[in-house]
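Engineer: Protein sequences, first through last, are from chains Z and X. Residue numbers for the first sequence follow my numbering, beginning at 98 and rising by one. Residue numbers for the second sequence follow my numbering, beginning at 297 and rising by one.
Be careful, since some hints might not be right.
[Stated by the list, open to error] Not the full set, but computed from the structure, chain Z residues with beta-carbon under 7 angstroms of chain X:
hint	residue
1	F201
2	G396
3	G422
[What the hints assert, rightly or not] Anything over 10 angstroms on all C-beta distances counts as not near chain Z; from chain X, calculated:
hint	residue
4	Q339
5	T379
6	R443
7	Q483
8	V485
9	A646
10	T656
11	I658
12	R726
13	R728
Since the hints were made in silico from the structure, they are not lab data. In this text, a Cβ means the ideal position worked out from N, Cα and C, and glycines have one as well.
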Amino acid sequence: MLIQEQSREGRRASSQAPLQQVGQLSIPARFRRRSQPALPEVSEMQVVRHYTRLSQKNFSIDTHFYPLGSCTMKYNPRGCNTLAMLPGFLGRHPEAPENHSQGFLACMHDLQESLKEITGMRAVCLSPAAGSQGEFAGVAMIRAYHDARGDTARSEILVPDAAHGTNPASAVMCGYKVREIPTGPEGDIDVDALRQALGPQTAGIMLTNPSTLGVFDRCIGEIAGLVHEAGGLLYYDGANLNAILGKVRPGDMGFDVIHINLHKTFSTPHGGGGPGAGPVGVSARLEPYLPVPMVQKEGDSYRWLTEQDRPDSIGRLSAFAGNAGILLRAFVYARMLGRDGMARVAEYSTLNANYMLKKLQKAGFEAAYPNRRATHEFIITLRREARALGVNTMDYAKRLLDYGFHAPTTYFPLLVPECLLIEPTESEDKDTLDAFIEALITIEEEAESDPELVKGAPHTLPVKRLDDVRAARELDLAWKPGAE
Amino acid sequence: MLEVIGVSSIEQLFDEIPAELRFDGLKDAPDAMSEMEVAQLMQQRAQADGQPLCFIGAGAYDHHIPAAVWEIAGRGEFYTAYTPYQAEASQGTLQLLYEYQSMMTALTAMDVSNASLYDGASALAEAVLMAVRANRKSKSKRVLVPRSLHPAYRRVTHNIVRNQGIELVELPFDRNGGHTDPAALEQFVGEDIAALVIPQPNFFGVLEEVDALTDWAHANQAMAIAVVNPVALALLQPPGEWGSNGVDICCGEGQPLGAPLSSGGPYFGFLCCRQAHVRQMPGRIVGKTLDLDGKPGFTLTLQAREQHIRRSKATSNICTNQGLMVTAATIHMALLGGEGMERVAAGCSANIGLLTDMLTGISGVETLFERPVFHEQVVRMPLLVKDVLRTLSAHNIQGGYDLSTDYPELGGDAVLICATEKRTRVEMERFREKLERLVQMQGMKSCGAMPDA
Numbered sequence: 098m099l100i101q102e103q104s105r106e107g108r109r110a111s112s113q114a115p116l117q118q119v120g121q122l123s124i125p126a127r128f129r130r131r132s133q134p135a136l137p138e139v140s141e142m143q144v145v146r147h148y149t150r151l152s153q154k155n156f157s158i159d160t161h162f163y164p165l166g167s168c169t170m171k172y173n174p175r176g177c178n179t180l181a182m183l184p185g186f187l188g189r190h191p192e193a194p195e196n197h198s199q200g201f202l203a204c205m206h207d208l209q210e211s212l213k214e215i216t217g218m219r220a221v222c223l224s225p226a227a228g229s230q231g232e233f234a235g236v237a238m239i240r241a242y243h244d245a246r247g248d249t250a251r252s253e254i255l256v257p258d259a260a261h262g263t264n265p266a267s268a269v270m271c272g273y274k275v276r277e278i279p280t281g282p283e284g285d286i287d288v289d290a291l292r293q294a295l296g297p298q299t300a301g302i303m304l305t306n307p308s309t310l311g312v313f314d315r316c317i318g319e320i321a322g323l324v325h326e327a328g329g330l331l332y333y334d335g336a337n338l339n340a341i342l343g344k345v346r347p348g349d350m351g352f353d354v355i356h357i358n359l360h361k362t363f364s365t366p367h368g369g370g371g372p373g374a375g376p377v378g379v380s381a382r383l384e385p386y387l388p389v390p391m392v393q394k395e396g397d398s399y400r401w402l403t404e405q406d407r408p409d410s411i412g413r414l415s416a417f418a419g420n421a422g423i424l425l426r427a428f429v430y431a432r433m434l435g436r437d438g439m440a441r442v443a444e445y446s447t448l449n450a451n452y453m454l455k456k457l458q459k460a461g462f463e464a465a466y467p468n469r470r471a472t473h474e475f476i477i478t479l480r481r482e483a484r485a486l487g488v489n490t491m492d493y494a495k496r497l498l499d500y501g502f503h504a505p506t507t508y509f510p511l512l513v514p515e516c517l518l519i520e521p522t523e524s525e526d527k528d529t530l531d532a533f534i535e536a537l538i539t540i541e542e543e544a545e546s547d548p549e550l551v552k553g554a555p556h557t558l559p560v561k562r563l564d565d566v567r568a569a570r571e572l573d574l575a576w577k578p579g580a581e
Numbered sequence: 297m298l299e300v301i302g303v304s305s306i307e308q309l310f311d312e313i314p315a316e317l318r319f320d321g322l323k324d325a326p327d328a329m330s331e332m333e334v335a336q337l338m339q340q341r342a343q344a345d346g347q348p349l350c351f352i353g354a355g356a357y358d359h360h361i362p363a364a365v366w367e368i369a370g371r372g373e374f375y376t377a378y379t380p381y382q383a384e385a386s387q388g389t390l391q392l393l394y395e396y397q398s399m400m401t402a403l404t405a406m407d408v409s410n411a412s413l414y415d416g417a418s419a420l421a422e423a424v425l426m427a428v429r430a431n432r433k434s435k436s437k438r439v440l441v442p443r444s445l446h447p448a449y450r451r452v453t454h455n456i457v458r459n460q461g462i463e464l465v466e467l468p469f470d471r472n473g474g475h476t477d478p479a480a481l482e483q484f485v486g487e488d489i490a491a492l493v494i495p496q497p498n499f500f501g502v503l504e505e506v507d508a509l510t511d512w513a514h515a516n517q518a519m520a521i522a523v524v525n526p527v528a529l530a531l532l533q534p535p536g537e538w539g540s541n542g543v544d545i546c547c548g549e550g551q552p553l554g555a556p557l558s559s560g561g562p563y564f565g566f567l568c569c570r571q572a573h574v575r576q577m578p579g580r581i582v583g584k585t586l587d588l589d590g591k592p593g594f595t596l597t598l599q600a601r602e603q604h605i606r607r608s609k610a611t612s613n614i615c616t617n618q619g620l621m622v623t624a625a626t627i628h629m630a631l632l633g634g635e636g637m638e639r640v641a642a643g644c645s646a647n648i649g650l651l652t653d654m655l656t657g658i659s660g661v662e663t664l665f666e667r668p669v670f671h672e673q674v675v676r677m678p679l680l681v682k683d684v685l686r687t688l689s690a691h692n693i694q695g696g697y698d699l700s701t702d703y704p705e706l707g708g709d710a711v712l713i714c715a716t717e718k719r720t721r722v723e724m725e726r727f728r729e730k731l732e733r734l735v736q737m738q739g740m741k742s743c744g745a746m747p748d749a
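Isolated chain X (complex conformation) (with noise of 0.2 angstroms):
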């Protein structure tokens, strides 16, 4: 090969690097390991790991994935393809990619879906900058966002979003019910509003008043952005029929449909939208089409949205979308069917009753929220979140998300608890006796010192 090239060694094909810049190779980079020795390596960590009890929530959902899920999404012909730009040669990609958008569409009752976004939190992002675009009404670039809207989302919307003059106002939460009160929203009206942000249910997994929160926005010429769980919505009124017509955007966390906790990721965050709102979507789109010969076919379309073709002017700068996981997520859905993700959903509504009988029947455990809610709820705790999670986890139990950093209007007794169908009796009794003989223990000591339990 170096001969038809017409050089004597491999080290000369660099010789257009400048002598200066080049540095004599890498030394601290560890030395190479055969697959055995970085197995043994990585099973070691995993293991250090453990596999605790998880009782925590928070965005991220520990349910059932069918085996069925990663054994085809993990087919190389899946795993090892690219965004499929030659359609001819990606019609398993792009076939899939229409059916998971005619899925969503259906859970979500909206008229379109993406084809995916990076996570739910950055999906919120990219939905904030959708409505500011479309919602030709409002010159104000103002954006009302609940307290009780997932913490690191509102964080992450306004990182995203603080560069193009876009301002996220806070909503109060109602601290009887946990929810937002839609008579919060009186002090706005008459005000230029551009969109309004509606989580479904909120980080407290409690149920918000959507409708009538939909309706506010649009009395008052903003957009309705809805943030939804979308095993929830297997249960739940969809976000297309919140109110008289429905919000105009959707958006959330695909995790829950067949990706593992994983640490967080890979997810993938979903985007749906009405119809007159498609050219402003960021993200790939599939649509049907027919070939030369007049044969149904799939491809990449509205590209000229998109910063390959439009550069500086495109509707976002995202390239890629999360395709491997909205694979397994097309997969998960198609095992479930409607029945089988109602089932789901319904357990985790069950679970999280059951698991919330069980703490509150300890003396000094009782539910901070009164309002209905989905699979998560916030508990108060006679002792400091921080130091029960602690002792707890030391039993291998991940006893709930601590709320005090991101809520210290709630003091460090509030924890936020979750319960999804694969909680068992048996799993939710070992957290109640242990935290039971925490706080029993706390009482006979009350002396401020933690017990090891």
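Just chain Z, with the same shape it has in the complex (with noise of 0.2 angstroms):
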């Protein structure tokens, strides 16, 4: 039941709000709205209640294990929380003036600092608010970069036929053209393919690296070198650091932009679909054109640099300073986990995603890369048993919910068929690991046993499979008083 269906006329969460009637206002009436919204009219326990209860409905980090691929669903400690909501950061106003912003500016500055030595760039801008508004900010530096050389023929942004969606989509919001570059056998980009591709209209390149694929690019030296002397720039999708931190840097790939899923690699809540964080870094060449705002030390106070002292900046993207306390949970957690702790993320999680790997393999599932390490995630495909057994990935993944697991990611990347692509993290134990193993090897003897019980999975969650066609052909996006 919707918390507006429990509505009754007159109810109210009475020390919710203001004790004092509406009374006289100063607004003229023409102004004013002629009945209050319909919003629901409950008691406070009621919301309480009704939100607790359907939170319990959801899957989460804290609940279950969260395989997801290229998401790095890994804990979220509750320090990062606890200390992200102190009352002097949650009471700052973003416009306050710098003698009560010093605590928050030095967060601020120590995780830039951070940022930059992990990566291996020459500067960084915390302000993008999300993954694919990193990349946005990435792809217009590599355009002001061009353009500011009057080199502005260049039209076309490469990126691999593996990329996550966001990377076409954010060249195209940038004006460029996208060119598909296709994947060799092994899962390293297809280097002649490139080499064909590139040319006086190449802007850049957007990679992942680690790929998608869960495989580690071994042409990258080579990719940069071809992409570099074709004028063009390199952008990394930082999806995917948490496989190589502080093992291998982007900077150190050759690449000349950056940006960082702080929600991943650092921790920061999922929180059901967001907010992010998608921290910017560059090489020397870029440095001009990074996001504002930025902070600065001087000698030893910090501020904020803006429009006005960088005035190449390609500007803001949000109205402040992008999600300011995300950014704290990470600096909290990159100051737990501190140098070494770094090291240890990427090793752990390529230790489980190799374990499950070479586990399933023995088990008899197919892996799309055979002759390959598995980074901190690696793929499944299912496209034997879709075959046989007319039981596919997808119905996989919904049992998978039945024994109490997330589905990995599914049908993702698209150029592997009926795949599963699964990332365990660092933070899962390896009796977790083999409990998921043994979940998929049941579900693999049940897709033979009787088929259809997979197929009409789920069996055990408060709604059984849900008619998508549905929901897109009949719209019904929202409640609407007297519609019941």
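Using the hints, put the two chains back together into the complex; each one sits in its own frame.
Structural biologist: Printed below as a string of structure tokens:
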């Protein structure tokens, strides 16, 4: 039942709003609304009970193993949340003067400096609000760089076919055409195809390394050389940074610009789909174009650099400084990990992924790239099962929910048929990984002996499989008063 | 585990990374801290910023947030879930988003709402892109944007849309009213305009002639885009009812609905529109549907608009929404209800009236614009605002937003002050008293040097 359907006229959570009646107002009647908005009229306890119950219908990291590939669903330490919610931070107005801001700005500056070292980039701006906004910022900087040199014929961004959908969408938002580059048989970029695609029209290439195929692109050195030779720049999508933290740095691989998903590698909460944070880092030649605001240390004090300080900046992308509270959480996480902890993140997430891959291969599952090491994630393809048993990847995914596991990423990347992209993260212990593997083996047996059971899954959740086609055809996007 | 994999060390798992690219470990990154140590550091830094008395608005507003909002939004099941791709395992988040969409359509009197965008400023940029796509009568990609709109919103929108050939044309504001005079639009009659942006209230807190502006847009084949404050909407006419037919798209900053000030984020942007434009809307949208047994349930819908399906042909590159902030906003609106929201809005309106009366009682302090306002007001000082604010801040009072950088035409003595329902008479009196003393001392010295007050 919706909260709206529990509404009873005149019921109120009376202590939640000011006690004063509305009374006389200085706002003339012609600007006023004629009737109160139809929001729920319920008690405080009804609200608390309703949303507590709704929360219980979710899978989450706190309650379930959540091996969603390319999303890095690692444990979110509670300390990060508690410390970002200290009253001094929560109550700080974004336009507070600098003498009321030194504590907050010190945290931002420290995080900015840490990210520079971790990624091997020359300068970092924290403000993009999410990975996709980081991508936009990155491509906009590539464009600003070419434009400033009068190199305006560059109209194309290259994107591998395995890339996240945000990559081509971000390139288009910056006014570029997108050309796809195919992947070779072992999961590396097809370098010959790249060579042919490069030219005076190339503005740059957007790459994820390790790629979304769960392998490290071994040709990255050569790719960087070729793209730079053609006058293009290299963009690093930091979605998979978790796999290489403290091991190898995008800056050393030859990238000119990167974004980092703090909600992945730096463990800020996913919150049911955001807020994230997507700081960007750049090499020296792109430094003038970084978005604002950025933090600068001058002597013992800190201040924001804004449009006035940075005239060549691509400007601001949100009204203030991005998702500041998320940046604070990432800062606390980075301080608790420390130097050595960062490398351990890459090590244990890679160990967990390779262990799962080997065990699943031994159980008869087909790896998409059997000759390659897994990074922090890997791909299983269920094409044999789909063909022979008529049970597809989505069926396996839904059945996993019945066994108490969130499903891995399904049907992405698009170039591997019937794929499951599995990312265990460093947070999970061996027992959990084994239990998940056991569940997949059991589902495989079920698919052989009782395929309908798997195809009808899930059976144990608040709803059975939902009709997505109906949802899109008979759009019902909001409850309206008097509609029941 | 290494044995199962068939390697002798974890290091061996990284052997596909070319050796020449490897680096010999982080050096400058700091040592690990225990939770206790980092807590001490953070407490010290948070305390350094104090808890000043805030009279700044300018796009972020200090409202009371009921205790239950973050008690519930902070539950691990909301806090640590992800985008509800597996609908059956995400009915909590999905139903909540549907309820949120329903609340936003009620508040704005629009047909549909998405599940949120990053913040109010980027929501406006998306609204402008959407209007240019949806307005098939217009070829120009020209959008009229009032100078009375939040300056950061104007900049962000420019930064996001400029690479797609969209031109933003600035409309001047009336120097007496602080609003966009509908007569200023006459020069554009007969021209091809894709959309008109209409803020309510505008950056100065001033109420715009929204009916006339909306009708002008429609009479000139332009889309009307409202930029509104959701708390103000509990009192003010909703955009869906502006003019004869209401606006086409409505967006704004969701922060006043349960998000703490928190240095500017995370907040969330909302975006609502007419049913006819729903397929041009960017961002996540949740729909109600049925399961195999015919039982109602909720799922992400219209995903064919989105980047993970459409890639380079998507309506936007946006991937996530601001889920957790929307969770808080939904609980916030449910706790307040229509009447509670109206009382909050009325409290804001009454308080800015009171604060304005108090401050303009000081000799030389006067309001700049004569039109009605919501919870902000531009005030002219007898001193340079820069100096006034610096002195007040030394007394732990944040006395408003200095307009001189964004609006040099107003000179150095115009300040935007704000009072939400949270500001008490005692707090306002403290502000008045300090300001009065400052003005008096300046009058006595009249030598240009700033007194310490």
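Engineer: For which of the previously enumerated hints does the structure constitute a violation, in increasing order of number?
Structural biologist: 2, 4, 5 and 9
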